Amino acid sequence: DQQVKQNSPSLSVQEGRISILNCDYTNSMFDYFLWYKKYPAEGPTFLISISSIKDKNEDGRFTVFLNKSAKHLSLHIVPSQPGDSAVYFCAASGRAGGTSYGKLTFGQGTILTVHP
Amino acid sequence: DVKVTQSSRYLVKRTGEKVFLECVQDMDHENMFWYRQDPGLGLRLIYFSYDVKMKEKGDIPEGYSVSREKKERFSLILESASTNQTSMYLCASSLWDVQYFGAGTRLSVL
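Chains as they are written, first to last, in the numbering used here: chain H, 1 to 116; chain R, 1 to 110.
It is possible that part of the hints are untrue.
[Unchecked claim] Here are the simulated EDC-like pairs of lysine to aspartate or glutamate, each with C-alpha atoms no more than 20 angstroms apart in a straight line: (1) R:3 x R:51; (2) H:56 x R:51; (3) H:54 x R:51; (4) H:37 x R:1; (5) R:3 x H:31; (6) H:37 x H:84.
[What the hints assert, rightly or not] Only part of the chain R face toward chain H is listed, based on derived beta-carbon distances under 10 angstroms: (7) 29; (8) 30; (9) 37; (10) 39; (11) 41; (12) 44; (13) 45; (14) 48; (15) 50; (16) 77; (17) 91; (18) 97; (19) 99; (20) 103.
These are calculated hints, taken from the structure and not from any lab test.
Model, not experiment: these values are computed from the prediction.
Where is the CB? At the ideal position from N, CA and C, for every residue including glycine.
Next up, chain H with everything else stripped away, as it sits in the complex (with noise of 0.2 angstroms):
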């Protein structure tokens, strides 16, 4: 059961222009969702987060929108640049009711390429 859902395997974008990566997830109880960011042969960091208390939230060059009743969020990056190349993942986790210890459950990732 896939709570987290990257539809997009791959995405290919233009230098300058914007990118957008989607999440979708199942679970009402997620209320702290992650961006993270994966280069070959490193592990993945962490780029960007939201609350669910929020709809958006900002970081240079980094947007993060979340819709609550549709259970979907969206990282966009503006403008886009060859050096941002690489597997970016979702995370969600739920916060409230209880002791989480920090889990996170992951979406399967989606590979961007920039291209020059």
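Dock chain R against the given chain H, drawing on the hints supplied.
Then chain R, alone, in the frame of chain H:
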């Protein structure tokens, strides 16, 4: 700076061998995690630990065990390695929700 260190980057083992993957973090984090990453499947949680000597099964614990004798160290054990355990193994630690990952161990079981 945050640091999670996995003892090996690449490992080749034979079917039936006992395999130890070691992970050390220097951030005094309570929580530690072991994942495996496979193409198209994302990161799947094998085991996690929220305190010394405490462990909880993740989503795919079969064929694995773990040990946490000290706060900074979390070991993953493959009791009898099988070919379907060939994968990238990632260790992470956290205080709250944001997890910090090691560089990973690419394990091949022949």
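Evaluated hints:
1. Among the hinted pairs, residue 3 of chain R with residue 51 of chain R is consistent with the structure: their alpha-carbon atoms are about 18 angstroms apart, no more than 20 angstroms.
2. A distance of roughly 34 angstroms separates the Cα atoms of residue 56 of chain H and residue 51 of chain R; the hinted pair therefore is violated under the 20 angstroms criterion.
3. Restraint check: the Cα-Cα separation between residue 54 of chain H and residue 51 of chain R comes to about 31 angstroms, which exceeds 20 angstroms; the hinted pair is violated.
4. This hinted pair checks out: residue 37 of chain H and residue 1 of chain R have alpha carbons roughly 18 angstroms apart, not beyond 20 angstroms.
5. Pair hint residue 3 of chain R plus residue 31 of chain H does not hold up; C-alpha atoms about 27 angstroms apart against a cutoff of 20 angstroms.
6. Taken as a hint, the residue 37 of chain H and residue 84 of chain H pair is honoured in the structure, with Cα atoms around 9 angstroms apart against an allowance of 20 angstroms.
7. Hint status for residue 29 of chain R relative to chain H: holds, with the closest Cβ pair at about 9 angstroms, below 10 angstroms.
8. Checking residue 30 of chain R against chain H by beta carbon gives a least distance of about 8 angstroms; that is within 10 angstroms, so the hint holds.
9. For residue 37 of chain R, the interface hint holds, the least distance from its beta-carbon to any beta-carbon of chain H being 8 angstroms, beneath 10 angstroms.
10. At a threshold of 10 angstroms, the smallest CB-CB gap from residue 39 of chain R to chain H is about 9 angstroms, leaving the interface hint in force.
11. Nearest Cβ of chain H to the Cβ of residue 41 of chain R: about 6 angstroms, under the 10 angstroms cut. The hint holds.
12. Hint on residue 44 of chain R holds. Least Cβ distance to chain H is approximately 8 angstroms, under the 10 angstroms limit.
13. A least Cβ separation of about 7 angstroms between residue 45 of chain R and chain H falls short of the 10 angstroms threshold, and the interface hint therefore holds.
14. Satisfaction of the interface hint for residue 48 of chain R is found here, the shortest Cβ-Cβ separation to chain H being roughly 6 angstroms, below the 10 angstroms cut-off.
15. A distance limit of 10 angstroms between C-beta atoms decides the matter here; for residue 50 of chain R the minimum to chain H is near 4 angstroms, and the interface restraint holds.
16. Residue-level restraint check for residue 77 of chain R is violated (minimum Cβ-Cβ distance to chain H is 20 angstroms; threshold 10 angstroms).
17. The closest approach between the C-beta of residue 91 of chain R and any C-beta of chain H is roughly 8 angstroms, which is under the 10 angstroms cut-off, so the hint is satisfied.
18. Annotation: residue 97 of chain R was flagged as interfacial toward chain H, and the flag holds, the nearest CB pair being 5 angstroms apart, inside 10 angstroms.
19. The beta carbon of residue 99 of chain R is positioned within 10 angstroms of a beta carbon in chain H (closest approach about 6 angstroms), and the interface hint is therefore held.
20. For residue 103 of chain R, the suggested interface contact is upheld, since its CB lies about 5 angstroms from the closest CB of chain H, less than 10 angstroms.
Hints 2, 3, 5 and 16, counting from the list given before, are not met by this structure.
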